[in-house]
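**Student:** Residues per chain, in single letters:
Number of protein chains: 2
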Amino acid sequence: MAVTIKDIAKATGKSITTVSRALNDYDDVSHETKLLVQRVAAEKGYTPNLWAQRLQKQRTETIGLILPTRGPRLGDPFFGQLIAGVGDKAGEYGYDLLVSTQAPDRDEMAIYKKKLQGRQVDGFIIVRTRRQDRRIDYLRQTDFPFVVFGRTEGELDYPYVDEDGVAGMAAIIEHLVRLGHRRIACITPPEELMFATYRLQGVQEALAQHGLDMDPALLRRGDLTQRGGFAEAQALLALPQPPTAIVACNDLMAFGAISAAQQQGFVVGRDIVITGFDDTPWAEHSNPSLTTVHQPIYEIGNMVCDMLIRLTQGQSLEQRQVLLKPRLIVRQSCGADAS
Amino acid sequence: MAVTIKDIAKATGKSITTVSRALNDYDDVSHETKLLVQRVAAEKGYTPNLWAQRLQKQRTETIGLILPTRGPRLGDPFFGQLIAGVGDKAGEYGYDLLVSTQAPDRDEMAIYKKKLQGRQVDGFIIVRTRRQDRRIDYLRQTDFPFVVFGRTEGELDYPYVDEDGVAGMAAIIEHLVRLGHRRIACITPPEELMFATYRLQGVQEALAQHGLDMDPALLRRGDLTQRGGFAEAQALLALPQPPTAIVACNDLMAFGAISAAQQQGFVVGRDIVITGFDDTPWAEHSNPSLTTVHQPIYEIGNMVCDMLIRLTQGQSLEQRQVLLKPRLIVRQSCGADAS
DNA sequence: TTGAAAGCGCTAACAA
DNA sequence: TTGTTAGCGCTTTCAA
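Sequence lines, in order, name chains A and B.
The numbering of the first sequence is this note's numbering, which starts it at 1 and goes up by one.
The numbering of the second sequence is this note's numbering, which starts it at 340 and goes up by one.
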């Protein structure tokens, strides 16, 4: 069976307490005792029982990340990069990462409650925020540590990291208008997602600034998947007056839109222009390569994790709320490179 | 503060023991007591302290998945889909999933030891096996539950799920030979990965069966990334006698190879043929779409998780070792569809 | 049907 | 510098 602190106490002839303190390098233990205990512990291959430690310390050194989705859709590189960013940073601190999947349905809150009240994690990272987000309401009200990737409607009195979607989309529109486009379509994310609001707002404000209006027929709601982008682009291209540019609110939908356009014989970048948002690893290598807005998801994962761990340790944050400036990445799909 | 079993005991006037038994629905508690206790528990919003439960029960209902990589590379959809598959299945059982990232360096084993000996998880899922895999050696020797996605050299006396890479690559080669290709190049994974061996073996056996030899100049080692595929394909295309087909051992490298070929003005599917392995979500939508071998990673994640949980519960497995038959997916990049 | 008591492995206040 | 003791919240004998 497993080696416990008790075994070491017996083997060294010291008390359990002394062993505990020696192992934790307290300075009220004699040097010799410390050496002895540590040697014996190493010999016996002692590793502390974490539940016992945690039960005692009332801290878990674990952070929770509940992915708001189920099923194979996690092929979306978004989640992989995010997990990498959060997990790597957690590892640096010696923290663990508890990952669950739970679609945003009526069971969603149960899992947060269970993990919080069961004291399984010291804090949560919240991703893919809705405009009204009960996860955030709940955590705010219980006063439990959390950091958000994204924002919500209403008062933003919690720590978050987000990229400025308004500015990002505005940059895209600016660019397209400068290239001469006037009939610009937009494929948006599901309405309940907060970033849908920001990105659409960016589109509309930038258009307005150039005296352009969004034709309601050119505004279509997608589901963030390639399949969705494909379907919506098909519908747009079938209009009596099709757009000259399609602005998709994420890369995946843009890829779907490109497929749809190509399938109908369009040369993307020449006959029609398509852009994305996220700058996934694929954007650079797709054909044509995708004009998009860069979003450093891995680094954001790093940041939110770092902030959360500091919070759980009672530290205060230098920057509680971070809004990243987006960077436009011009590639071939907008035609600027193509010619 | 948190509600404990003690609070409920006080509130109901029952003993701690009785409360515990009532909550766990033991049948030596009177119906009334049970109802009373459960009502009060619900009112107070009681949730068991999992650390205490686990300390007591010596079981964690948590499984460990340590991703053998670090850094932003988890954009690889492989890991996202795997986590989804494992996580969803774990959720079905009410199990948690503990995810870590740890590159296969000399610190690698420390994290396994810590989690195992700290009794943080009931079992491990091992992925991306090396030909000689110390993770498996260690777990085998400690007799700790684990299930492997992949195989190793030597005796396969542990539970695993894998897809038959030999058959998969053979199917690709068969197909290409039938299309008339004779000069076929291969971009392989890093040598230490076990599936590199199988996939290369599949290529060579299938070639041999047609009396063809692999020109050593056409065999190049990649690193599983797009960037790597790009570089190796460039080298191949610059040969005095370039290949007519490039068989990449995963989709990512195939995408890189496609980019390289296109950049040099080749029409992929006509001037050169490129294939992948995995059938990632992107393969279908790339341009040209990618001929590849399907690997149901999400489902494999489901399977290994299911097997592992059964193992940790002391159940025996109907099928301890599963070798999945691969399915060839013919699309445009091999020229069969293109015409 | 219930409760008292022990103990899971550990940490920490207090005494010696 | 060390050991005694209590206790984290829970489950589980054992006795009543």
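Mixed in with the good hints there might be a few duds.
Said to hold, decoys possible - Listed below are the simulated DSSO-like cross-link pairs for lysine-lysine, each with C-alpha atoms no more than 30 Å apart in a straight line:
1. B:K373 with B:K383
2. A:K44 with B:K396
3. B:K353 with B:K373
4. B:K373 with B:K349
5. B:K664 with A:K114
6. B:K373 with B:K396
7. A:K57 with A:K113
8. A:K10 with A:K44
9. B:K383 with A:K44
10. B:K383 with A:K6
11. B:K453 with A:K114
12. A:K14 with A:K34
13. A:K34 with B:K373
14. A:K57 with B:K452
15. A:K34 with A:K114
16. A:K44 with A:K57
17. A:K6 with B:K664
18. B:K383 with B:K396
19. B:K349 with B:K396
20. A:K34 with B:K353
21. A:K14 with A:K44
22. B:K353 with A:K14
23. B:K345 with A:K10
24. A:K113 with B:K664
25. B:K353 with A:K114
26. A:K44 with A:K34
27. A:K34 with B:K453
28. B:K345 with A:K6
29. B:K396 with B:K453
30. B:K345 with B:K373
31. A:K57 with A:K34
32. B:K453 with A:K113
33. B:K353 with A:K44
34. B:K453 with B:K373
35. A:K57 with B:K664
36. A:K57 with B:K353
37. A:K10 with B:K396
38. A:K44 with A:K114
What the hints contain is simulated information worked out from the structure, not anything from laboratory work.
**Student:** It remains to establish, for every hint, whether it holds in the given structure.
**Tutor:** Hint by hint, here is what the structure shows:
1. Restraint check for K373 of chain B and K383 of chain B: satisfied, since their Cα atoms lie roughly 15 Å apart, inside the 30 Å limit.
2. Our distance criterion of 30 Å between C-alpha atoms is met by K44 of chain A and K396 of chain B, whose separation comes to about 24 Å.
3. At roughly 11 Å between alpha-carbon atoms, K353 of chain B and K373 of chain B fall within 30 Å of each other, so this suggested pair holds.
4. Annotation: proposed proximity of K373 of chain B to K349 of chain B holds, straight-line Cα distance about 15 Å (limit 30 Å).
5. Using a Cα cut-off of 30 Å, the hinted pair K664 of chain B and K114 of chain A is violated, with the two alpha carbons roughly 40 Å apart.
6. Restraint check for K373 of chain B and K396 of chain B: the C-alpha separation of about 22 Å stays at or below 30 Å, so the hint holds.
7. This hinted pair checks out: K57 of chain A and K113 of chain A have alpha carbons roughly 21 Å apart, not beyond 30 Å.
8. Among the hinted pairs, K10 of chain A with K44 of chain A is consistent with the structure: their alpha-carbon atoms are about 12 Å apart, no more than 30 Å.
9. Pair hint K383 of chain B plus K44 of chain A does not hold up; C-alpha atoms about 44 Å apart against a cutoff of 30 Å.
10. A C-alpha spacing of about 37 Å is found between K383 of chain B and K6 of chain A, which places the hinted pair above 30 Å, so the restraint is violated.
11. Restraint check for K453 of chain B and K114 of chain A: satisfied, since their Cα atoms lie roughly 25 Å apart, inside the 30 Å limit.
12. Distance restraint check for K14 of chain A and K34 of chain A: the Cα-Cα separation of roughly 11 Å lies within the 30 Å cut-off, and the hinted pair is therefore satisfied.
13. This hinted pair does not check out: K34 of chain A and K373 of chain B have alpha carbons roughly 50 Å apart, beyond 30 Å.
14. Distance check on the hinted pair: K57 of chain A and K452 of chain B sit about 22 Å apart at the alpha-carbon level, within 30 Å; holds.
15. Distance hint between K34 of chain A and K114 of chain A is unfulfilled; the C-alpha atoms sit about 40 Å from each other, more than 30 Å.
16. For the hint linking K44 of chain A to K57 of chain A, the alpha-carbon distance of about 25 Å falls within 30 Å, and the restraint holds.
17. Restraint check for K6 of chain A and K664 of chain B: not satisfied, since their Cα atoms lie roughly 51 Å apart, outside the 30 Å limit.
18. With a C-alpha separation of about 24 Å, the suggested pair K383 of chain B and K396 of chain B falls inside the 30 Å cut-off, and the hint holds.
19. Using a Cα cut-off of 30 Å, the hinted pair K349 of chain B and K396 of chain B holds, with the two alpha carbons roughly 24 Å apart.
20. The suggested pairing of K34 of chain A with K353 of chain B is violated, with an alpha-carbon distance near 46 Å, which exceeds 30 Å.
21. Pair hint K14 of chain A plus K44 of chain A holds up; C-alpha atoms about 16 Å apart against a cutoff of 30 Å.
22. The hinted pair formed by K353 of chain B and K14 of chain A fails the criterion: a straight-line CA distance of about 40 Å is larger than 30 Å.
23. Restraint check for K345 of chain B and K10 of chain A: not satisfied, since their Cα atoms lie roughly 33 Å apart, outside the 30 Å limit.
24. In summary, the hint linking K113 of chain A to K664 of chain B is not supported, as the alpha carbons are separated by about 42 Å, beyond the 30 Å threshold.
25. At roughly 25 Å between alpha-carbon atoms, K353 of chain B and K114 of chain A fall within 30 Å of each other, so this suggested pair holds.
26. With a C-alpha separation of about 15 Å, the suggested pairing of K44 of chain A with K34 of chain A holds against the 30 Å cut-off.
27. Between the alpha carbons of K34 of chain A and K453 of chain B the distance comes to roughly 21 Å, so the proposed pair stays at or under 30 Å and holds.
28. Taking the CA atoms of K345 of chain B and K6 of chain A, the gap is about 28 Å. The hint holds against a cut of 30 Å.
29. Proposed proximity of K396 of chain B and K453 of chain B is supported: the alpha carbons are some 19 Å apart, at most 30 Å.
30. Taking the CA atoms of K345 of chain B and K373 of chain B, the gap is about 16 Å. The hint holds against a cut of 30 Å.
31. Taking the CA atoms of K57 of chain A and K34 of chain A, the gap is near 22 Å; set against the 30 Å cutoff, the hint holds.
32. Among the hinted pairs, K453 of chain B with K113 of chain A is consistent with the structure: their alpha-carbon atoms are about 28 Å apart, no more than 30 Å.
33. Between K353 of chain B and K44 of chain A the alpha-carbon distance is near 44 Å, which puts this suggested pair outside the 30 Å criterion.
34. With a CA separation close to 40 Å, the supplied pair K453 of chain B and K373 of chain B exceeds the 30 Å bound.
35. Our distance criterion of 30 Å between C-alpha atoms is broken by K57 of chain A and K664 of chain B, whose separation comes to about 50 Å.
36. Between K57 of chain A and K353 of chain B, the direct Cα distance comes to roughly 28 Å. Compliance with the 30 Å bound is thereby established for this hinted pair.
37. Taking the CA atoms of K10 of chain A and K396 of chain B, the gap is near 25 Å; set against the 30 Å cutoff, the hint holds.
38. For the proposed pair K44 of chain A and K114 of chain A, the alpha carbon gap of about 36 Å is over 30 Å, so the pair is violated.
Hints 5, 9, 10, 13, 15, 17, 20, 22, 23, 24, 33, 34, 35, 38, counting from the list given before, are not met by this structure.
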